[in-house]
Each structure stands twice: as structure tokens, then as C-alpha cells.
Amino acid sequence: DVKVTQSSRYLVKRTGEKVFLECVQDMDHENMFWYRQDPGLGLRLIYFSYDVKMKEKGDIPEGYSVSREKKERFSLILESASTNQTSMYLCASSTGLAGGPLQETQYFGPGTRLLVL
Amino acid sequence: AQSVTQLDSQVPVFEEAPVELRCNYSSSVSVYLFWYVQYPNQGLQLLLKYLSGSTLVKGINGFEAEFNKSQTSFHLRKPSVHISDTAEYFCAVGKYNTDKLIFGTGTRLQVFP
Chain A
1 DVKVTQSSRY
11 LVKRTGEKVF
21 LECVQDMDHE
31 NMFWYRQDPG
41 LGLRLIYFSY
51 DVKMKEKGDI
61 PEGYSVSREK
71 KERFSLILES
81 ASTNQTSMYL
91 CASSTGLAGG
101 PLQETQYFGP
111 GTRLLVL
Chain B
1 AQSVTQLDSQ
11 VPVFEEAPVE
21 LRCNYSSSVS
31 VYLFWYVQYP
41 NQGLQLLLKY
51 LSGSTLVKGI
61 NGFEAEFNKS
71 QTSFHLRKPS
81 VHISDTAEYF
91 CAVGKYNTDK
101 LIFGTGTRLQ
111 VFP
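Those sequence lines, one after another, are chains A and B.
Counting with my numbering, you get residues 1 to 117 for the letters of the first sequence.
Counting with my numbering, you get residues 1 to 113 for the letters of the second sequence.
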């Protein structure tokens, strides 16, 4: 089974702190994604990556950055956390073999619920 | 711009009753369509997807969906639900030659005994 793990299930941070959310997948997937999930807004894509050291902006990249130094690990960074970044953050991965990421199943981690005070 | 509409934010239903969760999308080009489910305190997992071919798609746990191009819909159905189907369901759309899935706002299915 594909396994996508996220470093924390719950996280509480203060405004202005630098926050790292880690995601690891164990299936040698090429593609990795970071979403945030908010009630009434569904999932919104923050960043995605097709390969090591490659990244693409999603729909809401402002206030976030990402790092992919190894194929299995994709980190989301909040440079200076703000209260409007309180949310559930979901990481996902897909194989990268189906001719395009949109044709593939995305495998999701359990999520990190971040509270910024 | 491409969008996905899930008209019902919540759908309450009794166990063993049929259910339909509605999804409409707006796109002038061909699309890929997905339904994902999120059980409490878990990430999302794929229920089914339509890429091409037969418009009736069967997924896991007895769910199926029908792609209707003329009505730009991809409604999810199950003939008889179980308590364990209580979850949030997300419809998602991907447009050819783009890189991103667009997710709907979700429908919370609550199954009562």
C-alpha cells in the first residue's frame, strides 16, 4: 500500500514563527502536492512538484514556500505564520507515469491541523 | 475559469436508503473527473475516476458515477448506504493540458441508523 505520512497531526504556533510541515511518501512517486483544506472552500492547491528540486505554484502560494531535496520528501514552509494560515494541510503524491498528473490517483496523507495564535 | 460545484453541503440519509451526491463542473474543454472520500480524521482516498470511455464508472465500496457531458455533471450514487459511508465527499476536475485538479467544496454525507 502507498503510504504518505505527515510529520504532525496537530501543531500550534505563534504569529511570526517559521513553520515547517513535512511530508514523506514511500512509493517512489514523482509528483507531490500540498493543499490546504478549509470549511466551505474545499481543497486548494498551494504548491506541487514533479521532480526533485522542481516546484510549481498552485492557486494560493502566497505566504508559503516549498522544498524538495529528496524524491520522497516534500516540505511546506510558512516563512512567517499568520492567523489566516490556520487550516488543515494535506500532502499528496502520485506516480508521474500516466502521462500527466491529472490522470492519476493522488494518495493523501492524514493531514496536519495547524493553529496559529 | 474552470470550477466545480457541489450543490449540497450536507446530505442526511437513513441506512440502506439510496443516495446521490451532485457535482457539476464548468469547462469548455474535455476534462477528467474524480470523486474522493474523506473519512473522519483521515486524508482523502479515491473512490472513482473518469478519464475516457464508458460514461458509467464504478468505484470502491459500491459507489458509481455517471459522466453527463451535455449537463456537465458527474453525480455520485450508491443504491444502499451503510453507517460506515458517513464521510465527506469531494468532486474534482482536471482540464486537459493543465497541471492542477480543482476540488469542489465537499458534501458531508451523514448516514443515520
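Bear in mind the hints are in silico, worked out from the structure with no lab data behind them.
Computed from a predicted structure; not experimentally measured.
Hints are not guaranteed to be accurate.
Computed spacing ranges between beta-carbons, pair by pair [unchecked claim]:
hint: 1; chain 1: B; residue 1: N61; chain 2: A; residue 2: T5; range: 35 to 45 Å
hint: 2; chain 1: B; residue 1: E15; chain 2: A; residue 2: E69; range: 42 to 52 Å
hint: 3; chain 1: B; residue 1: N68; chain 2: A; residue 2: P39; range: 27 to 37 Å
hint: 4; chain 1: A; residue 1: K3; chain 2: B; residue 2: Q10; range: 25 to 35 Å
hint: 5; chain 1: B; residue 1: A17; chain 2: A; residue 2: E79; range: 31 to 41 Å
hint: 6; chain 1: A; residue 1: S82; chain 2: B; residue 2: E16; range: 43 to 53 Å
hint: 7; chain 1: A; residue 1: L41; chain 2: B; residue 2: P40; range: 13 to 23 Å
hint: 8; chain 1: B; residue 1: P79; chain 2: A; residue 2: T15; range: 19 to 29 Å
Heads up, simulated EDC-like pairs for lysine to aspartate or glutamate below, C-alpha to C-alpha not over 20 Å straight-line [to be verified]:
hint: 9; chain 1: B; residue 1: K58; chain 2: B; residue 2: D85
hint: 10; chain 1: A; residue 1: K3; chain 2: A; residue 2: D28
hint: 11; chain 1: B; residue 1: K100; chain 2: A; residue 2: D38
hint: 12; chain 1: A; residue 1: K55; chain 2: A; residue 2: E30
hint: 13; chain 1: A; residue 1: K53; chain 2: A; residue 2: D28
hint: 14; chain 1: A; residue 1: K70; chain 2: A; residue 2: D59
hint: 15; chain 1: A; residue 1: K3; chain 2: A; residue 2: D26
hint: 16; chain 1: B; residue 1: K100; chain 2: A; residue 2: D51
hint: 17; chain 1: A; residue 1: K3; chain 2: A; residue 2: E62
hint: 18; chain 1: B; residue 1: K100; chain 2: A; residue 2: E56
hint: 19; chain 1: B; residue 1: K100; chain 2: A; residue 2: E17
hint: 20; chain 1: B; residue 1: K49; chain 2: B; residue 2: E20
hint: 21; chain 1: A; residue 1: K57; chain 2: A; residue 2: D26
hint: 22; chain 1: B; residue 1: K100; chain 2: A; residue 2: E79
hint: 23; chain 1: B; residue 1: K100; chain 2: A; residue 2: D59
hint: 24; chain 1: A; residue 1: K55; chain 2: A; residue 2: D38
hint: 25; chain 1: B; residue 1: K58; chain 2: B; residue 2: E88
hint: 26; chain 1: A; residue 1: K53; chain 2: A; residue 2: D38
Just a few of them, taken from the derived set where beta-carbon distance is under 8 Å, the chain B residues facing chain A [stated by the list, open to error]:
hint: 27; residue: P12
hint: 28; residue: F90
hint: 29; residue: K100
Quick reminder that beta carbons are idealized off the backbone N, C-alpha and C, glycines included.
Evaluation of the provided hints:
1. B:N61 <-> A:T5: 35 to 45 Å: Given about 24 Å between the Cβ atoms, the range is violated.
2. B:E15 <-> A:E69: 42 to 52 Å: holds, 48 Å
3. B:N68 <-> A:P39: 27 to 37 Å: Distance hint for B:N68, A:P39 holds at roughly 29 Å.
4. A:K3 <-> B:Q10: 25 to 35 Å: holds, 31 Å
5. B:A17 <-> A:E79: 31 to 41 Å: violated, 49 Å
6. A:S82 <-> B:E16: 43 to 53 Å: holds, 47 Å
7. A:L41 <-> B:P40: 13 to 23 Å: Given a distance of about 19 Å, which is inside 13 to 23 Å, the answer is holds.
8. B:P79 <-> A:T15: 19 to 29 Å: Roughly 50 Å apart at Cβ, these two residues miss the hinted range, so it is violated.
9. B:K58 <-> B:D85: This hinted pair holds, its Cα atoms lying about 16 Å apart.
10. A:K3 <-> A:D28: holds, 10 Å
11. B:K100 <-> A:D38: Distance of about 18 Å is within 20 Å: holds.
12. A:K55 <-> A:E30: holds, 12 Å
13. A:K53 <-> A:D28: holds, 15 Å
14. A:K70 <-> A:D59: violated, 24 Å
15. A:K3 <-> A:D26: Holds, at roughly 6 Å.
16. B:K100 <-> A:D51: holds, 16 Å
17. A:K3 <-> A:E62: Violated - the C-alpha atoms of A:E62 and A:K3 are around 28 Å apart, more than 20 Å.
18. B:K100 <-> A:E56: holds, 10 Å
19. B:K100 <-> A:E17: Violated - the C-alpha atoms of A:E17 and B:K100 are around 30 Å apart, more than 20 Å.
20. B:K49 <-> B:E20: Judged against 20 Å, a Cα distance of about 16 Å means the pair holds.
21. A:K57 <-> A:D26: Violated, because 24 Å separates the two Cα atoms, which is more than 20 Å.
22. B:K100 <-> A:E79: violated, 24 Å
23. B:K100 <-> A:D59: holds, 9 Å
24. A:K55 <-> A:D38: violated, 23 Å
25. B:K58 <-> B:E88: holds, 19 Å
26. A:K53 <-> A:D38: violated, 28 Å
27. P12: Hint violated; B:P12 Cβ to chain A Cβ min 18 Å, cut 8 Å.
28. F90: Given a least distance of 6 Å, the restraint on B:F90 holds.
29. K100: Holds. Min distance 6 Å.
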